[in-house]
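A.B. asks: Top line first, the protein sequences correspond to chains A and B. Residue 4 is where the first sequence starts when you use my numbering, and the numbers rise one by one after that. Residue 4 is where the second sequence starts when you use my numbering, and the numbers rise one by one after that.
Treat the hints as calculated values from the structure; they're not laboratory data. Beta carbons are placed, not taken as given, at the ideal position from N, Cα and C, and that holds for glycine. Please note that a few of the clues may not be correct.
[Said to hold, decoys possible] Computed spacing ranges between beta-carbons, pair by pair:
(1) B:Pro162 to A:Gly42: 41 to 49 Å
(2) A:Arg286 to B:Ala87: 57 to 65 Å
(3) A:Glu320 to B:Pro65: 27 to 35 Å
(4) A:Ile267 to B:Thr319: 30 to 38 Å
(5) A:Glu320 to B:Pro89: 28 to 36 Å
(6) B:Glu63 to A:Glu304: 49 to 57 Å
(7) B:Glu261 to A:Asp31: 51 to 59 Å
2 protein chains.
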Amino acid sequence: MIGGGSWGCAFALLLRERGHAVTLACRDPEQARELAETGRNPRYLTFADLSGIAATTVAEAPVETAELVVLAVPSRAFGGVAGALPGAAPVLSLTKGLDPATGERLSTLVRGLVRGRAVAVLSGPNFAEEIARGLPAAAVIATEDGFLAGQLQHALNSPLFRAYVNPDLVGVELCGAAKNVIALAAGAVDGLALGDNAKAALITRGLAEMARLGEACGARPETFSGLAGMGDLIATCWSSHGRNRRAGELIALGATAEEAIAAIGQVVEGLTTAPVLRDLAHRVGVELPITEGVCRVLEGESLGALAASLMGRRPTEE
Amino acid sequence: MIGGGSWGCAFALLLRERGHAVTLACRDPEQARELAETGRNPRYLTFADLSGIAATTVAEAPVETAELVVLAVPSRAFGGVAGALPGAAPVLSLTKGLDPATGERLSTLVRGLVRGRAVAVLSGPNFAEEIARGLPAAAVIATEDGFLAGQLQHALNSPLFRAYVNPDLVGVELCGAAKNVIALAAGAVDGLALGDNAKAALITRGLAEMARLGEACGARPETFSGLAGMGDLIATCWSSHGRNRRAGELIALGATAEEAIAAIGQVVEGLTTAPVLRDLAHRVGVELPITEGVCRVLEGESLGALAASLMGRRPTEE
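Start from the sequences and build out the full structure, keeping to the hints where you can.
C.D. replies: Given below as structure tokens:
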């Protein structure tokens, strides 16, 4: 497991519960050392007992001999880490975003470097805190490799963590990236105190916009109605755990993006992803009004003026 | 406007804001009298100033001369009220449910009695409290009558209330009925403290189950991804305003259905609708595992045992 953030730690716990031998490789050597010494992550999920999980640095991680490499690093770091992986073990990505440098889906960065390396993505409504506390959840494993899909489903599924498979890698990755951007907008609805009616309408239009982009990129429409689409979107937009939702709320209340990140103390993927997603939409010729609005607010446009212009549009057929 | 509950009052306010002359007909004569005297509803939305809206009893309401009759009565009362309407004015139904006596969609009760009476249904994420406070919302007007659709859209649309039209009356009515049943289950997830991951997964599977029933009944799949489907479902399941969600939570915490209704103090449509929806599903040959589970719990089965059996099922493709 590469990435010692909250989702990396929680997923390491899931793997340990299923009887797998896990090494957690932290990008921060100090964090790796503390984790190895105390059996606890000093920064994330500090309540969780990680004993039985080996901890090391990324440089020293036994990647070459691993049966599976799980990546749970921020999208900004994904390309660098994925590009330096030795060995040919299959990769499972837990990261939700696009490559900021190229706009590519993250799974393509893994594949480009080792020919024939199998790659899968796991996505769904999976707040790390809840999973680390042993609460039930469900997720989708997306891969074009049917054999890997079956292996991963067998390795991960348990009464507390239901793992479904879906061959639509493109759709699942786009869902994971786009939902964080919609969550920024949903958080802004909270920050402006516009109410749950407006928030539900925004999320619904947000999923429609995600599905439109997906269709243009060759994804399956059903993926957007599934756990990685609607499921993850509504959790991200509505739960108090949602960091992207919270960041949008703080920004609507007057914080800068940097202040929001500092207040949350963890990566806010939607802020990285929003402009990358907009560029992708322009390339494939799809309009994403909510994503566009998020980008414009991040670039300094007044949120109040934007909201008014959206509500003033002439309504049509749904 | 027939029905002086919270949605009836809030919708009367919307109509007043758009400049329409509104008479609010209460089923409770005492409530009608107080409303006429004080300009306030003594029981629901007590903060709202209803001055300018005439108040009367259902018996004395000027239904025959109205340009539009809006029905916002509980589903249990709908057939009785709709069956006694004089005149031939078009009817707009705000009620979300099925006819408990026959399992029919409510709009069919209006049509059966006056040949040629035009009927429309309004649905979407529309908490009355928020609308009465002037917060923005969006809704779908569903009717097979294109002329009425245009008239209603023109009469209702405003910068604060966006009215979309959708010809799929069957789908919109099934959404409005079924979402309250899913919300009971979502509330039970809250009551059992299973977390937001589990809740998001349940709501996602809930919408899939609603769409399956809709397909079997001739509805359009897109309706279930729209404001009346996903939009209303997520608001009902996640907002603190949601009565059905709250009822499910109270029942999971040990209350009987009657105790939950008493605590909430308003109609809880999901409790009426659940068995009616199950019967409909049996008639059209569709499996609704969540609705079935809700019915079994309402019939006395242990919620814990049911949750465990659902999580223990073998996962498949999504």
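A.B. asks: Against this structure, judge whether each hint is valid.
C.D. replies: Outcome of the hint check:
A beta carbon spacing of about 57 Å between Pro162 of chain B and Gly42 of chain A contradicts the range 41 to 49 Å that was offered as a hint. Remark: the range hint 57 to 65 Å for Arg286 of chain A to Ala87 of chain B is upheld by a beta-carbon distance near 60 Å. In this structure the supplied range 27 to 35 Å holds for Glu320 of chain A paired with Pro65 of chain B, their Cβ-Cβ distance being about 33 Å. Checking the proposed 30 to 38 Å range against Ile267 of chain A and Thr319 of chain B shows it holds: the Cβ atoms sit about 36 Å from each other.
Between Glu320 of chain A and Pro89 of chain B, the C-beta spacing of about 33 Å keeps the proposed range 28 to 36 Å intact. Between Glu63 of chain B and Glu304 of chain A the CB atoms are about 53 Å apart, so this pair conforms to the stated range of 49 to 57 Å. Taking 51 to 59 Å as the suggested C-beta distance range, the pair Glu261 of chain B and Asp31 of chain A conforms, at roughly 56 Å.
Checked against the numbered hints above, the structure violates only hint 1.
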